[in-house]
Amino acid sequence: MKSSLLSFALATSLTLITSAAAAADRITGHHFATRSEAMAPNAMAATSQPLATQVALDIMQQGGNAIDAAIAANAVLGLVEPTGNGIGGDLFAIIWDAETEQLYGLNASGRSPQSLSLEYFIENGYDKIPARGVLPLSVPGTVDGWFELHEKFGKLPMEQVLAPAIRYAREGFPVTEVIAYYFERNAAVIGDQPGFAAVFLENGEPPQKGERFKNPDLANTLAKIAEQGRDVFYEGEIAHTISDFVAEHGGFLSYDDLAQHESTWVEPVSSNYRGYDLWELPPNTQGIAAQQILNILENFDLAEMGFDSAEYIHHFVEAKKLAFEDRAKYYADPAFSEAPVEGLLDKGYAKQRAKLIDPNEPAMAVEPGNPPTEGDTIYLTTADQQGNMVSLIQSNYRGMGSGVTPTGLGFVLQNRGELFALEEGHANVFAPGKRPFHTIIPAFVTKDGKPLMSYGVMGGATQPQMHAQILINIIDFDMNLQEAGDAPRILHTGSSQPTGEQMTDGGVISLENGFSAQTRRELIKMGHTLQEAVGPFGGYQAIWKNHEEDVYYGASESRKDGHAAGF
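Mature numbering (1 follows the signal peptide of the UniProt record, and there is no 0) puts the sequence shown at residues -23 to -1, 1 to 544.
Calculated directly from the structure, the hints in this document are not laboratory data. The hints are all genuine.
Straight-line C-alpha distance at most 16 angstroms; calculated EDC-like pairs for lysine to aspartate or glutamate:
#	residue 1	residue 2
1	K427	E78
2	K411	E96
3	K129	E239
4	K411	E239
5	K129	E76
Sequences and hints are given; from them, build the entire structure.
Structure (structure tokens):
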């Protein structure tokens, strides 16, 4: 077992703050709860920015449904929270359709440039794809995703759905606190990328908290999309602008790449955890990692261990390591490498993997299994009076993506291509026209065939860990919807990655305020390395359907600026 004097010093220095309540004292609920669940009889929306939540409700009060509301809220978030999403990024969604009483999954992620090859990176000495600039660009899938959702389920015309975002872009909106913080962080890293400063920096400075920020270029872009449809983005004027700008700066994303793009409707996959069916999207997303974690942990009595216990945290982290080793090996674009999804979610396979967990000592390295072969981001959720529910996640990847901002369009292009491996033979190795491994994942829970919970937790590799923790908090630790998100979180980093990195040292655990100093000390004594972290614990939104009373509960992330609300 390894030890860490630094980690021990950290744990003891945090004795006072970690034993205190994480939020103001409340009469009801757990000490870490920040507020009650929102409740409403007709409709509910939960987003990370108040204006987006209000727009979603307004759209539904105008006669739109949950799908219209989700698109409208996403468009607003792309404006008011460009530090996490925008139309230069990708989108995934799970929709409960009340009419057919079934779930639908949409993969609206883009593909790599056809003219860029693995050989280019090798010949130019790259051992990984860079995070910024034109090389990590892939086709932005969000706009096509909106129109796929709208064509299949929408009610209101797209002009009406996008009108609020266009109005706020022209008239301006006040920048909220957390978003202002991320504006500053992103600007420090990508402020010199082509076109970025013209849109997002005034006199070299990012917008500050409370500042009224306008984006007339984005207003014009959204207006063209609303009036002319998705084709103006992929085959028309906007596509030409993107292609010409990228070529001018030495990139490979072309007009043909945009023109050939299409989204894919996929079957969500489910796994049962103690009577609840968790639904995720299959690779190229990492959704099934959450299910693998839960399948492994189902073999242990977590409720008996207790929430604030070294035993629970240890078992959670070790299960995560095992799931992420499979994630590193198998998760990729199924058009190029079919992951054995059914085998990875097999309960017998999970039981075998669970036996690898040493209850007293952390694993420094683990191997991927051999499953049976049968087979920065925003998250928002909406629900309407008809019973439709939408779980939608959308992202630029690293905050404001590549930083590359085509002239006159008002948005940055994503850098998802960074998540390809450059190792020949790897399932996720770069190839032309291929979708990269994707971190963003929407989630949905059903019970006895009925829709129960639409939820997600943004935040890169944080997401499957938090998807699992939210359900564990509700099912094993008897928390309500808001408490499950407010509860302090466990984050393990350092696992093997789909980009080729290998875990050799057991990784690092970061614990939020609220876990006791005693628990931290016990983990260090077991051999875990603890490290303080600020901000990487994700952003949660959720809606719960109470079928007995026919009402919605909503919960929102206290670590972000938004809220849940309904009518």
